[in-house]
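Asks: Following the hints, put chain B in place on chain A, whose structure we already have.
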Amino acid sequence: MSGPSEAKPARRRRHRSGGATEEGVLYPRWFWPSFTLPASLWLAILFVLPLYTVISIAFGTVDQIFRNPLPVYEPWWWSGEQFGKVLDDSFGLYRHVYVHTFEYVVIASALCLALAYTVAYYVARFGGRRKTLLLALLIAPFFISYLMRMLAWINLLDTDGYVNKMLTFLHVVPQPIDWLSGRPSTVVMGLIYGYIPYMVLPLYAFLDRIDANLLEAGRDLGAGPARTFFRVTLPLSRPGILAALVIVSLPMFGDYYTNNLLSQSPRTTMLGNLIDEAYGSTGQGPRAAVFVIILMTLLLIPMFYYLRSTARSLETR
Amino acid sequence: MRHVRDLSRREFLVRAGGTAAAIPTMSAILDACSKPGASTSGSSAFEIATPDHPVTLPMNGEPIAADTPIEQGATLQILNWAVYMWKYVLNQFVQQYGDDGIKFSGVTTFNNMDEGVQKLASGKIKADVFFPTIDVLGKLVAADLLQPLNHDLIPALQQDNWAAFQSPYYDQGWRYSVPYTIYTTGIGYRRDQIPDDVIHGMDNPWSLLWDPTYKGKVGVYPSYRDVMAIALMKNGITDLNTGKDADLETVRTDLLAMIDAVDPRIAYDASYNKLQNDKFSVTTAWSGDVVAGWEYTSPATQAAYEGFGYWFPEDRKGPIDNDLIAIPKSAEHPRLAHEFINFWLSFRHAMDNFSWNGYQPPQTQANVDALTKTEGLYSKRSSSWAAPAMYVAPWMPDAAVREGDFAIGYREGPLPADVDDHWHQIWSEFTAGVGS
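Residue numbers (this note's numbering), protein chains in the order written: chain A, 23 to 339; chain B, 16 to 451.
Since the hints were made in silico from the structure, they are not lab data. Possibly wrong hints are sitting among the right ones.
Distance condition first, Cα-Cα at most 25 Å in a straight line; then the derived SDA-like pairs of lysine to any residue [as the list claims (entries may be wrong)]:
#1 B:K230 <-> A:T190
#2 A:K187 <-> B:K230
#3 B:K139 <-> A:K187
#4 A:K187 <-> B:D293
#5 A:K107 <-> B:K139
#6 B:K344 <-> A:P72
#7 B:K139 <-> A:P72
#8 B:K230 <-> A:L283
#9 B:K134 <-> A:L73
#10 A:K107 <-> B:D260
#11 B:K230 <-> A:D180
#12 B:K230 <-> A:I87
#13 B:K230 <-> A:D200
#14 A:K107 <-> B:E264
#15 B:K344 <-> A:L283
#16 B:K139 <-> B:S345
#17 A:K107 <-> B:I423
#18 B:K230 <-> A:Q86
#19 B:K230 <-> A:T181
Distance windows between CB atoms, simulated [stated by the list, open to error]:
#20 B:T253 <-> A:L71: 17 to 27 Å
#21 A:N177 <-> B:A402: 18 to 28 Å
#22 A:P163 <-> B:K259: 35 to 45 Å
#23 B:D167 <-> A:L65: 51 to 61 Å
#24 B:A402 <-> A:P163: 52 to 62 Å
#25 B:D159 <-> A:V70: 29 to 39 Å
Note that CB positions come from ideal geometry on N, CA and C, so glycine has one too.
The shape of chain B in the complex, shown without the other chains:
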């Protein structure tokens, strides 16, 4: 039977771009009764990190001591996006720590980042491990919801992972976070309709999303940051956090022009389902979606698999980002949480998980050559897939993320409130089909 995943990973990236559960928390309600515009969770200032303005997050207390014993008989609590980690690898962790009587409670899930933050802030869930996004990391620290990490207990970060993540711009000195997955944002396309050499020979492949040839067959994510970032890239604007009126007006004009030109569909599964099944010819695409696309081809054949491709700028100057793992301040088993993070950052386990969810970990051994020539564990164990699926399909090496990409790629960071509102306004006009 073919394994079918739900949309959680897609929702994750979409919602990470910015979502809010509009239901106010009880604390927010009580705050509102006392003084409008102020809240206990919003009273601390925080710096907005950008690659040009790296931020060292303030220390909220000290990390746990390195000789803290592993909590015996503990039940690990994970607060995470649904279907974000392969259960097989989670079970491996429990087995490895079986002598300590470690149990696994299952994953408490959330549908968007704000819901996750609210669950964490409410204190109802004493999560040991939490998976925040870069844009909320500084906020979580400002709200004193995370605890600093003890680096001695997480040697795998330095042993197995890229040096770029020893001191990322959003968390200098990785005080609170480690990387989980990395991805680029590019163009997914049908290779039978747009041959590889054609798209690679184009002056501006971003413009494919505006090409009337593919009218009705263009898909974009319901993710304002990513789609607007692509509109910026199309126009040669590389500040993906721009607040300039002129830049944003260009984006607005282009997005509204896209409606007239190609009548795009806004779909979560644009690049991991509809592209694979020939519903779309060209889509916005996260590299991880396209990498995992082999699981969604119908029929599940090599020929169908080879039907889709991924384009990212040859000079690797394009949108790039990563997700995080952190330990909440309220964690009841912080030592076990450190063990878990270390386990997850180690090469074998990180790669096994990658073979399942398609999103690459920043592992030093995971170079393009190895990724496109090595079959992943999930493919080996998949009963519905006869042909070996490499970690990354050999014909789309663009989908493999390189360490150097993080030095030259363009990051989507948190936006100041007024700029974010401006972005949302433009996105809202696009989704409402203004002028169409």
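Chain A extracted, bound-state conformation:
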């Protein structure tokens, strides 16, 4: 009786003191933290350094002859001129681009969620023995590159493409619709199609982990299917919804080729297109870097919201 009950606090104490033991084996203090080394190096080399380079380009200058970006790494040499100008333009000339981008991403993410949730819910709750097969089918689009999928849509949405053929055949529309004529709806559709697989998987992962006993308990207590869903399933899947929204909306904000391929109209330009255009233009490297920093800063808002929500959710458990 006394043996096991005394052993647990003993292990905890040693763990806290940094002695690092497992099953009675002693490890040096650095042993467990060292496991984070590969990831830390990875982040330092492939995130922190590049990010600092981007910042150094944004506040830097350009090569005098070829006008390539010339990063300035010493902050005391930084020039804020380009940053100030782009910031001014962002609230002035290009404000509508930020608004477009926000609208497209919010609408696309919301529709993604509506579509993906139902699919993920079905697989998690009713997939049964076919879960693996259904999951494989859900992952299937990942095997085809985003670019290829968008190129396929160009043919499908063409005036003489299958979408229009079907719509006219079914008399849904009297004339073929010119989907590729710079329509915001087409860009949103492209975003939904391109990113929906990234939303289905995290949602499925969360929904699948919901204890079926909780749903049964809800029904036993008199709740109907709808009420059980809204009072039990939906709240329990909220972290999954937030994670999925973050996963799809962050890359959507920087997306540029969906618009490039499916619209090509200045009217539907997104923030990613501004970056792409500046990046590909002689002498405009610092400008592109400033846009990148602005975008990253804006993305911190939903990211912090997600982290805060996740932290709260953990606290309440």
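Replies: Frame of chain A; chain B shown alone:
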């Protein structure tokens, strides 16, 4: 099976208009650590060449001697845009020099001019032949990245090519460069929607790109220099390198008006694919794109081919330009490089390549009459094309470039940094749909 090319040629001209790989080179990074705003590659001054201000580039060393032997067993290294040269003609070169054991390594490619320059400057690629654009030529010489040419080893330039290129404004005395292809920038249009006599009868055909009749069916290249040049031409401004605020404000106003008037599409393949396939009615067009358009018609029939046309001012006063070939300073086989250039400038090989890529070489025998009546080699060898395709379609002689065009046409040259930034700002507003 129908031959389909990728976009490289389009990207070439677009990016030649001005691009930058925003990833800094290691040398740039190291430079930046020492002193902001200065770099080893940017320390030399260079003159900006214009037709009114021709430039003689400084000699960085001497050309190789004329009696330098051809490097035996050499592997020719070409640094070039992807899909810019017909492999058939490249193989002809290797076969011609087979006795010297010449091999061909394949082409090392780049996606834009700055990437090409960086590959060259990094020294990782010891290219024997490089294909720069006019706007970077002076910069390359200032950075000591090119070697002077030995004219005795390139007799084809004088024998077969236009005299205008014996001493072009950007390289007086052709010290470092020879011409590769030439092209004009005009209007591509659907002949079934805009009959030839209608467009030729218009006072200002440039304005077709602003005509609301074609709303949603207007395409422009993602090339700031060319599209803005057309806006200048529409307004009768012929200085295509203008830095005047009033001129650029006119361009800005017009480009933003274009969005409201026709909701244009910005597309690489505007004039060699979408025009041919009736997606667009009117486009900005490089002559070479339209000339090569027969390869992209769907269906691949003569009727489809005859569906599109090309307009350029009748007085030939319009945007005109050319591309270059040069030999890098670091070339390991400079004599072979000279042989290659000479081969490429000779009439037969230049014309064979032209039949494939649609961009005309400045050959003296390539007059409008001959070009519109002679079938090109690529058409003869194309299994998917039954009808003969002339070098230039007979119904669009405007697409054939004449030697005289270079005397009266308007050139797009390099811009001073501040002017270039101004141009970019306007272009950025256009592509972002400001005010729409």
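Asks: Please go over all the hints and tell whether each is borne out by the structure.
Replies: A quick look at each hint next to the structure:
1. B:K230 <-> A:T190: Holds: B:K230 and A:T190 sit about 23 Å apart, inside 25 Å.
2. A:K187 <-> B:K230: OK: A:K187 and B:K230 at ~23 Å, within 25 Å.
3. B:K139 <-> A:K187: Judged against 25 Å, a Cα distance of about 52 Å means the pair is violated.
4. A:K187 <-> B:D293: 18 Å, holds
5. A:K107 <-> B:K139: Distance ~37 Å between A:K107 and B:K139 Cα, so the pair is violated.
6. B:K344 <-> A:P72: Not OK: B:K344 and A:P72 at ~32 Å, beyond 25 Å, violated.
7. B:K139 <-> A:P72: 23 Å, holds
8. B:K230 <-> A:L283: Since the Cα atoms of B:K230 and A:L283 sit roughly 19 Å apart, the hinted pair holds (cutoff 25 Å).
9. B:K134 <-> A:L73: 24 Å, holds
10. A:K107 <-> B:D260: Given that 25 Å is the threshold and the Cα spacing comes to 19 Å, the pair holds.
11. B:K230 <-> A:D180: Status holds; Cα separation ~17 Å.
12. B:K230 <-> A:I87: Violated, at about 41 Å.
13. B:K230 <-> A:D200: 12 Å, holds
14. A:K107 <-> B:E264: Status holds; Cα separation ~19 Å.
15. B:K344 <-> A:L283: Distance ~40 Å between B:K344 and A:L283 Cα, so the pair is violated.
16. B:K139 <-> B:S345: Holds. B:K139 to B:S345 sits at ~10 Å (cutoff 25 Å).
17. A:K107 <-> B:I423: Distance ~40 Å between A:K107 and B:I423 Cα, so the pair is violated.
18. B:K230 <-> A:Q86: 42 Å, violated
19. B:K230 <-> A:T181: Judged against 25 Å, a Cα distance of about 16 Å means the pair holds.
20. B:T253 <-> A:L71: 17 to 27 Å: 48 Å, violated
21. A:N177 <-> B:A402: 18 to 28 Å: Holds, at about 27 Å.
22. A:P163 <-> B:K259: 35 to 45 Å: 52 Å, violated
23. B:D167 <-> A:L65: 51 to 61 Å: 59 Å, holds
24. B:A402 <-> A:P163: 52 to 62 Å: With a Cβ separation near 42 Å, B:A402 and A:P163 fall outside 52 to 62 Å, so the hint is violated.
25. B:D159 <-> A:V70: 29 to 39 Å: 36 Å, holds
Taken one by one, the earlier hints fail for this structure at numbers 3, 5, 6, 12, 15, 17, 18, 20, 22, 24, listed in ascending order.
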